[in-house]
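The residues making up each chain are set out below.
2 protein chains.
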Amino acid sequence: MLTRIDHIGIACHDLDTTVEFYRSTYGFEVFHTEVNEEQGVREAMLRINGTSDGGSSYIQLLQPVRKDSTVATWLAKNGEGVHHIAFGTADVDGDAQSIRSKGVRVLYDTPKTGSMGSRITFLHPKDCHGVLTELVTSATEH
Amino acid sequence: MLTRIDHIGIACHDLDTTVEFYRSTYGFEVFHTEVNEEQGVREAMLRINGTSDGGSSYIQLLQPVRKDSTVATWLAKNGEGVHHIAFGTADVDGDAQSIRSKGVRVLYDTPKTGSMGSRITFLHPKDCHGVLTELVTSATEH
Chain A
1 MLTRIDHIGI
11 ACHDLDTTVE
21 FYRSTYGFEV
31 FHTEVNEEQG
41 VREAMLRING
51 TSDGGSSYIQ
61 LLQPVRKDST
71 VATWLAKNGE
81 GVHHIAFGTA
91 DVDGDAQSIR
101 SKGVRVLYDT
111 PKTGSMGSRI
121 TFLHPKDCHG
131 VLTELVTSAT
141 EH
Chain B
1 MLTRIDHIGI
11 ACHDLDTTVE
21 FYRSTYGFEV
31 FHTEVNEEQG
41 VREAMLRING
51 TSDGGSSYIQ
61 LLQPVRKDST
71 VATWLAKNGE
81 GVHHIAFGTA
91 DVDGDAQSIR
101 SKGVRVLYDT
111 PKTGSMGSRI
121 TFLHPKDCHG
131 VLTELVTSAT
141 EH
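Listed in order, the protein sequences are those of chains A and B. Residues 1 to 142 (the numbering used here) are what the first sequence spells out, left to right. Residues 1 to 142 (the numbering used here) are what the second sequence spells out, left to right.
No lab work stands behind these hints, which were simulated from the structure alone. There may be inaccurate statements among the hints.
Because identical chains share one entry, a pair is satisfied inside a single copy or across any pair of copies.
Unchecked claim - With a cut-off of at most 20 Å between alpha-carbon atoms, the simulated EDC-like pairs for lysine to aspartate or glutamate come out as follows:
1. Lys112 / Asp95
2. Lys102 / Asp16
3. Lys112 / Asp93
4. Lys126 / Asp14
5. Lys77 / Glu141
6. Lys126 / Glu38
7. Lys112 / Glu20
8. Lys102 / Glu29
9. Lys126 / Asp109
10. Lys126 / Glu20
11. Lys77 / Glu34
12. Lys126 / Glu34
Start from the sequences, fold in the hints, and give me the full structure.
Encoded structure:
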């Protein structure tokens, strides 16, 4: 069961510049940074608020670290902007299975590692009215 | 001060079909619908979670109701997908003024009426790393 907007993933050309824009313009501070080698991104999580399921909502800023990453390809086509949205769930495996059974393409056979030790999968944007949609179970939920 | 992700605005060709996708795929129910004549959209708000500032986070589905609306123009160029993101604040006037003073273009001189009696304004996406960004004070906050 999806119980929160976990994050909005925003692709950018330069992570440091974009982090500074969000800090100086809105006052949002960096909560966490990491490099996800598998996804080919360097990322910063800005925590915006707590959520009623005990989790949080974040802005996730993403800079590609190699030219063949999916985010690099997306940026080259679209320019900077919202890359994906993510819903939080305590059971990414069960929800992914349930959603797949409804005919929506789930991009991974089993969830992969996302930000801060979370487990994540993605739904095909063409099956979701144009929205690349992530499902995420945070490290504290699994 | 921006204290929550208020909503993610998603543009679609057919509101009823898209509402049904979000209901049948994720279990999200319609919390509110309205037509905003000024913005030229018919919209549905799906409430996803409560937020730590006492507000809520929503998915906002938007269908243009006339061909010259900004959402219609956007859809014709981009196809269905994430149109904007919105941060919630108790003081949209003060925050808009503060952000304008930092050199970010604010699209309205004074906030206009948004979903459910809220007061809203928008920041120019070219000043926000490609993200059309809304600021919103809900009806219960103003």
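Checked hints:
For the homomeric pair Lys112 and Asp95, the shortest alpha-carbon distance inside one copy (14 Å) is at most 20 Å, but the shortest distance between copies (38 Å) is not. When the C-alpha separation of Lys102 and Asp16 is checked against a cutoff of 20 Å, the pair qualifies only between copies, where the shortest distance is 18 Å, while the shortest distance within a copy is 40 Å. For a Cα distance limit of 20 Å, the shortest separation of Lys112 from Asp93 inside one copy, 11 Å, qualifies, whereas the shortest one across copies, 42 Å, does not. Taking identical chains as interchangeable, the C-alpha atoms of Lys126 and Asp14 lie at most 20 Å apart only when they sit on different chains, with a minimum of 15 Å there against 28 Å within one chain.
For a Cα distance limit of 20 Å, the shortest separation of Lys77 from Glu141 qualifies neither inside one copy, at 35 Å, nor across copies, at 39 Å. For the homomeric pair Lys126 and Glu38, neither the shortest alpha-carbon distance inside one copy (23 Å) nor that between copies (30 Å) is at most 20 Å. In this assembly of identical chains, Lys112 and Glu20 lie within 20 Å of each other by CA distance neither inside one copy nor across copies; the values are 29 Å within and 29 Å between. For the homomeric pair Lys102 and Glu29, the shortest alpha-carbon distance between copies (17 Å) is at most 20 Å, but the shortest distance inside one copy (39 Å) is not.
In this assembly of identical chains, the alpha carbons of Lys126 and Asp109 lie at most 20 Å apart only when taken from the same copy (18 Å versus 37 Å across copies). Within a single copy, Lys126 and Glu20 get their C-alpha atoms only as close as 33 Å, which misses the 20 Å cut-off; across copies the closest is 16 Å, which meets it. Taking identical chains as interchangeable, the C-alpha atoms of Lys77 and Glu34 are never at most 20 Å apart, the minima being 25 Å within one chain and 34 Å between chains. In the homo-oligomer, the alpha carbons of Lys126 and Glu34 never lie at most 20 Å apart, since the shortest distance is 29 Å inside one protomer and 27 Å across protomers.
Consistency note: the structure conflicts with the earlier hints numbered 5, 6, 7, 11 and 12.
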